[in-house]
Structures are given as structure tokens and as C-alpha cells.
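Visitor: If you read the sequences in order, they're chains A and B. All letters in the first sequence, in the order written, are residues 70 to 420 by the working numbering. All letters in the second sequence, in the order written, are residues 70 to 420 by the working numbering.
Be aware that a few hints might be false.
In this list, chains with the same sequence are indistinguishable; a pair is considered to hold if it fits within one copy or across any two.
Mimicking DMTMM-like on lysine to aspartate or glutamate, the simulated pairs with C-alpha atoms at most 25 Å apart in a straight line are [as the list claims (entries may be wrong)]:
(1) Lys401 x Glu208
(2) Lys340 x Glu407
(3) Lys340 x Glu358
(4) Lys361 x Asp371
(5) Lys340 x Glu418
Source of the hints: derived by calculation from the structure; they are not laboratory data.
Protein chains: 2
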Amino acid sequence: MKQPLTFDSLLHQTGEWLRSTGPHHTIVLSSRIRLARNLNGQPFPHWASSAQRTKIVRKVVAAVGKSSFLKGSLILPMKKLSALDKQFLVERHLISRDFAQPPDEKAVVISDREIVSIMINEEDHLRLQVMQSGLRLDEAWAILQRIDQELEKQLDYAFRDDWGYLTACPTNVGTGMRASCMLHLPCLVMTRQMERVLNAISKLGMTARGFYGEGTEASGNFYQLSNQVTLGISETDTINQLDRIIQKVVEQEEAARKVLLKNHREILEDKIWRAYGTLRSAAQISSGEAVKLLSLVRLGTDIGRIPVKDPALMNRLFVQIQPAYLQKLEGKILSPDERDKRRAQLLREAF
Amino acid sequence: MKQPLTFDSLLHQTGEWLRSTGPHHTIVLSSRIRLARNLNGQPFPHWASSAQRTKIVRKVVAAVGKSSFLKGSLILPMKKLSALDKQFLVERHLISRDFAQPPDEKAVVISDREIVSIMINEEDHLRLQVMQSGLRLDEAWAILQRIDQELEKQLDYAFRDDWGYLTACPTNVGTGMRASCMLHLPCLVMTRQMERVLNAISKLGMTARGFYGEGTEASGNFYQLSNQVTLGISETDTINQLDRIIQKVVEQEEAARKVLLKNHREILEDKIWRAYGTLRSAAQISSGEAVKLLSLVRLGTDIGRIPVKDPALMNRLFVQIQPAYLQKLEGKILSPDERDKRRAQLLREAF
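In isolation and in its complexed conformation, chain A is listed as follows:
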């Protein structure tokens, strides 16, 4: 029988989306789909009173309790979490940065292996999210549909036949869906092709963000590509379109890797090995530098230059070097200097 998930167990497990499995997993770190849903007749969270928000949390939690898929999930009221705990969940992509802000009448539901997370009272009453490793938007969508249907049996969703699902922000009205993939594109960056790629993506109605979503930089050569449009297009059409575009970008990154390995193999390998050497040796390191170096080493493992026993390690480390993870691991608040040292220690132990 499965042990029920606890907050502390998150610290020592690898989220499903980081497992380095699934199609194109060397370039496509993960696939993610989220749905925005709201309850009929209730004000959106930002306009609701504290009592109304509390009531919504109670309703959704009750519905979650009846979902067979979500059985054994962790249900965390945000009230009970410290600022550090919240930051830890942001780093694991289980909640958004906005969700970590007050007010506190919010809860997050986290399923086994962190495949599903449900934010209650983010911008919408519900934000359902499914994450998978590799290019697996279809699988993510299948799981998400199942949960959405289970919850819809319990909850009265705000829905209009002409518009679709109603959402707090008009850009989500319709399907309420955002599908995205996290891509690692070091060689498109090195060969200075990213601007061209991003322009093309934008023309196709898709958008690109950094490792931590909207408003974050593309650190470590990670780009999160997602659909923009939620109105007038079906969920499956959106997913298929994004899937095709991602495959195209994957092909271009693969081509860039081949070109670099053919024409600049030695310089590339030297960069990779030096990054590896620094990660194995540094006594202190900022997260910015660590992400940059890890990106090179991840490329090194992908192209078979640097051997790692556990391929998921190279994904996990991007999350584990983040400030809150390090502090949870250490069991106490650390100053930035102390974090730089703890981060370096973690990296030395990893390699």
C-alpha cells in the first residue's frame, strides 16, 4: 500500500516531470498542461472576501476528496506554510509565485510523484496542472481530462456555451488551458539562432518564457514554450499544434548540436568539461552561475561526453540548487553567503 504523501517527503523525491523519460527527454525536459476553472456564482478570488475564499477552499477540497485519481494526495492550506515552504513549492513548479503571496485563504493539492497540482484560489478558483517528463502533452492531457471530469461531477463550473469556461483574466476564457513544454536549447543559444526561433514561435501564436514561467529569464538555456490562444480553438487542436512546433524546435536544436559537434567539437567539449570541473570543485557558487554551468554539463551528458549514473540527476539539480530547497535540506534559514556554500557542497557531492 502506498504511503500518503507528506510535505517532508517532497524534499527527498524526484518529481515525475524531472525523471528524464519520455520522447525527446534530452531536449524536452517536461510537458505541462493547466486548466483554469471557476465555480458558478462565486466571485473570482481577487474580488472575493476572506470568508468567500475560505468557503471555496472548503468546497474544492471536498471535491478533491472524492476523486479516485487524487486519492492520497497532499492537501496543504497555505496558511500553515512558512514563507520558506511556499518558496520551496514555487521552486518545484507546484505553485505559482503569485500564489505564494497573501491573502492566505488558499490551498494546494499535490498528487503522488507531483504529477498533479491544484492551486485553489490563485487567480481562478481552480488551477489544475499536470506535469510529465519529456514531450508527453497527450498523456498530460489525458490525466488532466480525467481529473477535470471527476471534479466537474462535484463542482458547478462557470461555463457558457458560447464562450466556454469563464476565467478571471480574459486571456484564459474559452478552454482555460495553457499547454507548455520546457525545452533545453543550449546549442540554439550558442549558435545565436534563438531570436529567429522565438520570432517564428511568436508568429505561430505561441509564446516563450523562462524556467520559472512568466517574467523570468531564460536562465540555463531553458525555454518554456506555450500556447497563447484559448478562445476559438479546441484543446486537442492546441495541443497538437504545440506538439508539432516543439518537434520542429527539437529538430533545430538537434541540428545545431550536430553542427557544433562537427565544427567546434573541441571548444564545446572544453567548455563542458570546465563547467563540470568547476561544479565538482567550487567552495561557493551563486545560483546564477550554477544554472549556467549545469546547463553545459546537462548538454555534456546528453551528447554522451559526461557519464552520469542517474540521468534524472541533471534535471533534479536545477531545482535542488534553488534557495528554498537548500534551506529546507539544511533545516534552517541560510544567508545568501551560506547558501552559496551549501549549494557548492551539494554540487560537489552530486558529481
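Once you've looked at the hints, dock chain B against the given chain A.
Guide: Frame of chain A, contents of chain B only:
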């Protein structure tokens, strides 16, 4: 019975001066004394004819053959050496860069463990050199005196009672002696005290040069400190004066190390470990970068942070990463790119 020295055996042996022994050997890499001597009635090498130079080589070689100390020494006519071989001897501090240039009626005598080298027909007819590890000017002088006396029995030195030994360049007239120590002063450099130290040294009649002598830069934080004056002061007074100054500089470097370890330990250790990581990992590396990183790692071993089994390794590597050594090791001419790779390989294997 000792095997006679061969040119190829030099490649695989550690010169006495690199052995990391003797007083203050962590800061004072080596001590060196050389004497300029000329034969009476013979024109100085630069003014001599080819036949005269050949005759001088023959005379000196014959005298060397009768020295008991120099028994079994390698005698290398420069004519027989390739440009690469000559460069190799320059890198080992056995001949000067000028000596490697034409004309070729020259020879070098190299004793067991490379303690003694005698250049015949450099600027002067004889340049006798003794090298020792650590601060051991007295020992070097004792050996050099013995050889000088042995040779003087066979050769008629140009000497005047009022001036002393006559030399091609007036700056050497008198004792014809230059004593020097090679110092590793990374912490005086880091704490920006070198300018002050060099000014003080200069006022005391001493001079500072780089790792490869006159006109070379102080790469790797190595400074070769030596006497300037050869006239009106005895050899022992010169040596004692230099010895006292070196001890003073050693104290200052030690103080700078203490201050850095006290106030900036973590930054310093991080620098050292990163240098170590890069040397262990790089796929290609220039000699300039390698020297810079080796200097940090040498400091790291000196202050007990980086463990090395063989303390002489950290001295040897400064010579082994040089272009000619790498090419002799590989047994062929290498392009600069190939050398950068061979150098990186040698360093990876060393650490």
C-alpha cells in the same frame, strides 16, 4: 654505479631545484648562483671567430673532463641539438634564451640531477650555474666554488687584481656572480603589496625578474630576486645580503597568507578549488592560463588545502606545461592547438 646522464633521461627526471626541499621551500622554489668566467687572451664569444669559439669549447670541455665533481656530466654541443631540444633546455633553466640562438659553436655541460650547468660561449666563455631547491644560497655557493676552483686549475681565467674577473658585459665585472632565488608570492600579489616590495628590493640594490629571467613577466606570481652589483663587494657579502632580503620577503608573504586566510578564507579557498577543478577537467588550456591556475593550486597545497602525494609535482608542472617539454614528451612537433590539448591531458593526469 651511476648511469651516465643522457639527453632523453632529462625528460623523465625532476631537476634538483624542483624537488620542494630545503628551507622555506613552499615560498622559495629554488636558489641559483652563476659565475661569469673568461679565458685569458681570448676574445669574448661575440667578438670571436667561429674557429676561436670552437677552440674555446674544446678547451673548456677538456677542463670539465678533469673535474671530479662534474664526472658523468652530460656534454651537449649546441650544433647537435634541434631548435626543440634547445627550447627544452631553456624551459628547464639549463641554458639561457640567448644561448639557444646562433652561432652554434657552443656547448652546455649538465651535471647529475641538473644541479650544475655550464654554458660555454654564452656572453662569456663560461657561465657556471648551480641550482638548489629552497633557500640554499650557501650550499649552492659551496658547490659552485668547488667547481670554479677545479676548473681554474685547468683554465687560465681572465682576472685583474684591481677589478676582479673580467666579463663581456661591464655589469658583471668583479665577482662575475649573480645569485638569485625564485619566489612564489601569490598572497603578496593578491593583497597588492608587490609594488611596494619590489620598490624596497630595488632600493637595496637587488632586482626582480619573471620565471624565465630577464625580460620575462612574473607569470604565476613567481619572482626571481637577484643581486645587481658585482663590483666592490665580496661573493659572501652579496649572498648574505640577498639571503636576508629573501627571508624578509618570505616573512611578508607568510603574513599576507595569514591575513588572507583570516579575513578572506572562503573566497581564497573557492578560488583555489575552482583552479583545481579547471585543471582536472579542461580539454584544452593555454600555458598562460595553466600557469595562473597552477599558481593557485600550488598555494592550495602549501596551505594544506589541496592534498598532493608528491610535493615536487607542483613545481615540476610549471616546467612540464611548457611547449618544448610537451613536444618532447609527445615525440613530435605540435601546433599551438595540439599543445593546448596535450597540456590539458598532462594536467588531468597529474591531478
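Visitor: Evaluate each hint against the coordinates.
Guide: These are the hints, each one checked on the structure:
no.	hint	verdict
1	Lys401 x Glu208	neither (38 Å within a copy, 59 Å between copies)
2	Lys340 x Glu407	between (27 Å within a copy, 17 Å between copies)
3	Lys340 x Glu358	both (14 Å within a copy, 14 Å between copies)
4	Lys361 x Asp371	within (16 Å within a copy, 32 Å between copies)
5	Lys340 x Glu418	both (21 Å within a copy, 19 Å between copies)
The structure is inconsistent with hint 1 alone, although it conforms to all the rest.
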